[in-house]
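Protein chains: 4
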Amino acid sequence: MNKSRVEAFTDAVIAIILTIMILEFKTPESSKLSAITPQIPYMVSYAVGWLFIGIAWYNHHYMFSKAKVITRKIFWTNNFWMFTTSFIPVATAWVGRDLNAQGPEIFYAIVYFTWSLAYAILTHVIAKENERAGYEKVAGSIRDMKIYRALTSWKFVGAELIVWVLIIVFMPALQMLLIAFQVLFVGGRVNEDSDKMF
Amino acid sequence: MNKSRVEAFTDAVIAIILTIMILEFKTPESSKLSAITPQIPYMVSYAVGWLFIGIAWYNHHYMFSKAKVITRKIFWTNNFWMFTTSFIPVATAWVGRDLNAQGPEIFYAIVYFTWSLAYAILTHVIAKENERAGYEKVAGSIRDMKIYRALTSWKFVGAELIVWVLIIVFMPALQMLLIAFQVLFVGGRVNEDSDKMF
Amino acid sequence: MNKSRVEAFTDAVIAIILTIMILEFKTPESSKLSAITPQIPYMVSYAVGWLFIGIAWYNHHYMFSKAKVITRKIFWTNNFWMFTTSFIPVATAWVGRDLNAQGPEIFYAIVYFTWSLAYAILTHVIAKENERAGYEKVAGSIRDMKIYRALTSWKFVGAELIVWVLIIVFMPALQMLLIAFQVLFVGGRVNEDSDKMF
Amino acid sequence: MNKSRVEAFTDAVIAIILTIMILEFKTPESSKLSAITPQIPYMVSYAVGWLFIGIAWYNHHYMFSKAKVITRKIFWTNNFWMFTTSFIPVATAWVGRDLNAQGPEIFYAIVYFTWSLAYAILTHVIAKENERAGYEKVAGSIRDMKIYRALTSWKFVGAELIVWVLIIVFMPALQMLLIAFQVLFVGGRVNEDSDKMF
Numbered sequence: 001m002n003k004s005r006v007e008a009f010t011d012a013v014i015a016i017i018l019t020i021m022i023l024e025f026k027t028p029e030s031s032k033l034s035a036i037t038p039q040i041p042y043m044v045s046y047a048v049g050w051l052f053i054g055i056a057w058y059n060h061h062y063m064f065s066k067a068k069v070i071t072r073k074i075f076w077t078n079n080f081w082m083f084t085t086s087f088i089p090v091a092t093a094w095v096g097r098d099l100n101a102q103g104p105e106i107f108y109a110i111v112y113f114t115w116s117l118a119y120a121i122l123t124h125v126i127a128k129e130n131e132r133a134g135y136e137k138v139a140g141s142i143r144d145m146k147i148y149r150a151l152t153s154w155k156f157v158g159a160e161l162i163v164w165v166l167i168i169v170f171m172p173a174l175q176m177l178l179i180a181f182q183v184l185f186v187g188g189r190v191n192e193d194s195d196k197m198f
Numbered sequence: 001m002n003k004s005r006v007e008a009f010t011d012a013v014i015a016i017i018l019t020i021m022i023l024e025f026k027t028p029e030s031s032k033l034s035a036i037t038p039q040i041p042y043m044v045s046y047a048v049g050w051l052f053i054g055i056a057w058y059n060h061h062y063m064f065s066k067a068k069v070i071t072r073k074i075f076w077t078n079n080f081w082m083f084t085t086s087f088i089p090v091a092t093a094w095v096g097r098d099l100n101a102q103g104p105e106i107f108y109a110i111v112y113f114t115w116s117l118a119y120a121i122l123t124h125v126i127a128k129e130n131e132r133a134g135y136e137k138v139a140g141s142i143r144d145m146k147i148y149r150a151l152t153s154w155k156f157v158g159a160e161l162i163v164w165v166l167i168i169v170f171m172p173a174l175q176m177l178l179i180a181f182q183v184l185f186v187g188g189r190v191n192e193d194s195d196k197m198f
Numbered sequence: 001m002n003k004s005r006v007e008a009f010t011d012a013v014i015a016i017i018l019t020i021m022i023l024e025f026k027t028p029e030s031s032k033l034s035a036i037t038p039q040i041p042y043m044v045s046y047a048v049g050w051l052f053i054g055i056a057w058y059n060h061h062y063m064f065s066k067a068k069v070i071t072r073k074i075f076w077t078n079n080f081w082m083f084t085t086s087f088i089p090v091a092t093a094w095v096g097r098d099l100n101a102q103g104p105e106i107f108y109a110i111v112y113f114t115w116s117l118a119y120a121i122l123t124h125v126i127a128k129e130n131e132r133a134g135y136e137k138v139a140g141s142i143r144d145m146k147i148y149r150a151l152t153s154w155k156f157v158g159a160e161l162i163v164w165v166l167i168i169v170f171m172p173a174l175q176m177l178l179i180a181f182q183v184l185f186v187g188g189r190v191n192e193d194s195d196k197m198f
Numbered sequence: 001m002n003k004s005r006v007e008a009f010t011d012a013v014i015a016i017i018l019t020i021m022i023l024e025f026k027t028p029e030s031s032k033l034s035a036i037t038p039q040i041p042y043m044v045s046y047a048v049g050w051l052f053i054g055i056a057w058y059n060h061h062y063m064f065s066k067a068k069v070i071t072r073k074i075f076w077t078n079n080f081w082m083f084t085t086s087f088i089p090v091a092t093a094w095v096g097r098d099l100n101a102q103g104p105e106i107f108y109a110i111v112y113f114t115w116s117l118a119y120a121i122l123t124h125v126i127a128k129e130n131e132r133a134g135y136e137k138v139a140g141s142i143r144d145m146k147i148y149r150a151l152t153s154w155k156f157v158g159a160e161l162i163v164w165v166l167i168i169v170f171m172p173a174l175q176m177l178l179i180a181f182q183v184l185f186v187g188g189r190v191n192e193d194s195d196k197m198f
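Protein chains in written order, with UniProt numbering: chain A, 1 to 198; chain B, 1 to 198; chain C, 1 to 198; chain D, 1 to 198.
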């Protein structure tokens, strides 16, 4: 497939997902400055959502830059991944109404884990398809990404699940903090060569 | 015309159509997890819409990659096709309120058939214009696309119409399943060379 | 300036303006097929808006393809033109509630004439700046565009104003028809070389 | 990083931020032309917002055109800058309800100053990273931008703060005028070479 067109399409979709989150930021009816305070929880979840999608885009950009071939299979897993990403604005909006409510936080967690699964599958498929096409080195550096190694480590995923259940049972609001933390320390720690690629 | 600019414009329009469908996913007022259940029908129609537009984009990308010339006529049929595509979010939203209601399902069917017609015309025009410009081989492989052969086969279209009428009369909800099925087995079976193009 | 980045930015803005018009298409609360009929007037104005912006994009694409230099001045007039274009969805939405109401049709006419003015200025500036940079031929073919010649002919503009006043006083609904007609026969008749450019 | 993909992503995000502002322009329920008058304050703040983001894009485009390397650090400050930009539609919408109300104008001022800070940081980081990579001349011309020199001059920022406090205390509506003025005379006065770059 035409790699740059798939990239452009993905960029447009991700940019829209990122930006429509601001539509949920309701301007107050009143003209008092204090009328904005009920929006503060949403501002928190919005910032987390932005950080999340920003890191996701960064890692996606790295993988696609490395990839030599984009096959139909990659296209479809990429589409599925964008589909799961499209639920982040919904989860962000719901959580933003009450950061400590269990319902929305469980929904957010479901979106987060589905998204992680989709991302792991996407990475796996890109690596596999490039390996099959003879680009072992490309496949290697894609599989070497911190986020992929975390998502495919049973220790990491197991620990995550335990922490997540504890948090949602005892203090749902912590989830936003945890996600921001993970995003920065797992997703944000990209391969050394990502700056030197071009 | 400038092919890459037409592609970029089309990509942006399709990406927006795809993504605004999530705006219809209303976050519940309540904070109970169960408050999300009324959104399940929409989640079904949303998934079908995403699949549908994803396949459409894939086939469109294939055609445009093959095409050597983009003429004014292609631009206009492409615009008409995007116009019909823009009704998918509307039909998806309406159907998503009640998957088994006849009214919305008939509206969806109208959108679906108009869209199919527009797509068939677009394929026809791209092939024709490229043929006229001396690219018979390009025209040939565009006309050879499974989706085009289905849409221009009277047997296929006739059978479709019968099935559609039966479904809408007796069990409207089946339409979503049928579309997902068609999308996967007709639109999804692209030419063998689509992976090897670049 | 970087022409391709200005083009990409403009394409994104125009694509969004085009696509958000569908958001105004409200899905009915009821599940009866007949519940969609109140949307028919909007469907008319939506189709006209789509045609209008489609032609505008086509002509814009032609001008920018021809232009050799994109200066700061062109950027600003282009921005102003996009600003006026952004009112088309508003005018389309209002007119779509009642095609024969005078208020919305006057508002649409104001948007239409402001848009035309902005478009004429943009064409003038692109031609002028390219002429100054030594590309007389480019300037010539840009000034030769049918839409520009119409917009700068006092006879044409004078006749338009008279027709417009008559229509809005006696039968506002005709405006949509008139715009569709103009779009097709003025905006749609582009220079002969537009197909052969690339 | 892949500069053109970061640019394309940024363009898409900025284009969406720019365009969703029109969604706040509510079409009147009534069909009287006078029913549009309550929208006039919004039209003012919308025009200012458009001018503001337009200038921002222009300056951003200049910096990125000059930059030879785009590092991870630049990506993150760019993301943060886009995040602050995404609040402009919110501030614009609120201010547009009542141009002379103190609450919304204070909110707008907060957004404006945060945005300015983010922009100054972005400029600083781009210059620094390009300097480190050995492109002193690039760093020089980026740091030479009028908008950056203003934002890093304590005299300018100090004078701004005083004027701003006076305005918000005594006549909040003036803020829109002041921003338009600044945008034109600070942001709009770009380096001489910006037209000759390509």
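Read the hints as simulated data drawn from the structure, not as lab findings.
Where hints are given, some of them may not hold.
Given that identical chains are not distinguished, each listed pair holds provided it fits within a single copy or across any two copies.
What the hints assert, rightly or not - Listed next, the in silico DSS-like pairs over lysine-lysine satisfying Cα-Cα at most 27 Å (straight line):
(1) 3 with 68
(2) 73 with 32
(3) 128 with 26
(4) 68 with 128
(5) 137 with 3
(6) 3 with 73
(7) 32 with 128
(8) 137 with 73
(9) 3 with 26
(10) 155 with 68
(11) 32 with 137
(12) 73 with 128
(13) 3 with 146
Structure-inconsistent hints, enumerated in ascending order: 2, 3, 7, 9, 10, 11
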